[in-house]
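Chemist: All chains, full assembly: derive it from the sequences and hints.
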Amino acid sequence: MTGTQPNSRSAVPLDELDRRILAALQQDNRLSFAELAERVASSAASCMRRVKRLRDAGVIIADVSILDPVAVGKSLTAVINIDLEAEQRDLVDAFKRQMRAAPEVTQCYMVTGGADFVVIVNVEDIDAYEAFTRKRLYSNPNIRKFRSMIMLDRVKFEPRVAV
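The numbering of the sequence shown is full-length UniProt numbering, which starts it at 1 and goes up by one.
Heads up, some of the hints might be wrong.
In silico DSS-like cross-links for lysine-lysine, where the CA-CA straight-line distance does not exceed 25 Å [said to hold, decoys possible]: (1) LYS74 / LYS96; (2) LYS156 / LYS74; (3) LYS74 / LYS135; (4) LYS145 / LYS96; (5) LYS135 / LYS96; (6) LYS135 / LYS145.
Don't read these hints as lab results, they were simulated from the structure. All figures in this text were calculated on a predicted structure; none of them were measured in a lab.
Modeler: Following this line, the structure appears as structure tokens:
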């Protein structure tokens, strides 16, 4: 799932059964095709064909397990707004590559508005966060400034798309 980004492909046509399948898989992608068929009122063979088609078409881009960051020792989450010094294509591309390569970065978005990028970082503690900023942000001459927000409480986290 690393490096997923919008592209020029158009939306894939989805019927109501496709949408039910996608909704069910976003809740639990470990369902057998028989269990999936029961949940979406279809047959296992139909579900298997449709899931394969949805994967081949790039609608389903990954099957992953979502971890609790605290349970794996990453108790600090920071949301960082980053302003670049120059927005030249090669410098922006270099920044994107740097963020993709940083294991602490779990999400990175190029945005409009008050910042050039919004980056989500998960680390062990404030010392690890400081080390991240020194290594990845302060050392980058194309970063004009950054503003950090440390997460106090995760009120809602749903990594799914409404279908």
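Chemist: Would you mind marking each hint as holding or not holding in the structure?
Modeler: Verification of the hints:
no. : hint            : result
1   : LYS74 / LYS96   : 23 Å, holds
2   : LYS156 / LYS74  : 18 Å, holds
3   : LYS74 / LYS135  : 18 Å, holds
4   : LYS145 / LYS96  : 16 Å, holds
5   : LYS135 / LYS96  : 15 Å, holds
6   : LYS135 / LYS145 : 15 Å, holds
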